[in-house]
Amino acid sequence: MISVILNGEPRQVRQGSIADLVASLGLDVKKVAVERNREIVPRSTLADVALAEGDALEIVHFVGGGC
Amino acid sequence: MTDQWSVAGRTFTSRLIVGTGKYKDFAQNAAALEASGAEIVTVAVRRVNVSDPSAPMLTDYIDPKKVTYLPNTAGCFNADDAIRTLRLAREAGGWDLVKLEVLGEAKTLYPNMRETLEATEVLAKEGFLPMVYCVDDPIAAKQLEDAGAVAIMPLGAPIGSGLGIQNRVTIRLIVEGASVPVLVDAGVGTASDAAVAMELGCDGVLMNTAIAEAKDPIRMARAMKLAVEAGRDAYLAGRMGQRRYADPSSPLAGLI
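Chains as they are written, first to last, in our numbering: chain L, 11 to 77; chain Y, 107 to 362.
Just so you know, these hints were derived from the structure itself, not from any lab.
Bear in mind that the values here come from a model prediction, so they are computed numbers and not experimental data.
With a Cα cut of at most 20 Å, we get these calculated PhoX-like pairs of lysine-lysine: (1) L:K40 / Y:K172; (2) Y:K331 / Y:K321; (3) L:K40 / Y:K171; (4) Y:K172 / Y:K331; (5) L:K41 / Y:K171; (6) Y:K321 / Y:K130; (7) Y:K231 / Y:K248; (8) Y:K172 / L:K41; (9) Y:K128 / Y:K321; (10) Y:K128 / Y:K213.
Chain L regions said to be covered by chain Y (calculated; three or more residues, Cβ under 8 Å): (11) 25-37; (12) 40-50; (13) 64-73.
Facing chain L, a subset of chain Y residues (Cβ under 10 Å, in silico): (14) V124; (15) T148; (16) R153.
The C-beta atom is built at its ideal place from N, Cα and C for all residues, glycine as well.
Given the sequences, and given the hints that come with them, work out the whole structure.
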C-alpha cells in the first residue's frame, strides 16, 4: 500500500495504475477526469501511469450547476 | 422559417440555455430541461464522492449525447482555478466549448474582469472555445472578444438575484458592438426579463435559478421557452416607435 492524497484527503491505496485505482473506487473511467500532481492524465493513458507515494490526485466529474 | 444561431461553428435552434443546479432532484431537472426546449445545459465540475461512487449522476438523467454540456467554472475566484477546472472538464467530456466565469467576490458574484481576461487568453491559446461571463460593459466585451471569447455573456443582474435586466442601455451597446454572440447570463427572474433580453437583440439567455426556484419549475421552464421566442420575434419584427402621448388607432375622419 502507498499513501496518496485523493480529492484532498489522505488515503492508502494499492500500488498500481491510475486506471486500477479508478476501477477499485467503483467509478466508470469514461465519466471522470483525473489530475495527478496538477497535471491532467489523459484518459487513454490512465492504465499506463503508475501511482507513486505522495501523489496528489483529483478525480472529478460533471455535476449540476448553473451560472 | 427557422431562426438559428451559431457559436464557434455549432448551430442551435433554441436560444435558451439552462443550468442544472438547485433542482429538487435529477428527475425534476430533466423534466424542466425538456419543457424549456434548451439544447445546451451548463454543468459544474466537482470532485467525485469517493465514499459513495454509486450516487446517481447527472449524466444518468441528462444524456450528453443529446444535450450539449457546457462546462462552467462557477465557484472559481482566480484565472488559475478556472483554467485548471476547464482542462479537467475537457478531459472528462472531450469538448472544447466551455463557459468561463471568474468571480470577484462571494457577496455579489460579480466577475473579476482582470482574471477573466487573462483566463480567456490562456484558454483560447490552448484551443478552448470560451463563452465568457462578464460585466455589462461594452469596452470589456470588446476586450474579451479580442482575447478569444467565442461568446460574450454579460450579467443582467447579480447571479441568482432574479432582479431582471438592470441596464438595458449597456446590454444593447454590447449587442451592437459584438461580432460574436451575446447572451445574457444571470439576473433573469421571470419570463418578461428573458423577453427583454431578447428584445434588446441578444442571441440568447442563460438562466438557472429563475426556473429551479420557481414554485413550479417545469411550468416556468415552458414560460421561459415562450418568452425567449416571443422576445426574439419582437426583436426581428422591429418594434414601433415610442411617443410621449396618445395616438388614436381609429380614423378621425367620418366621425358622426
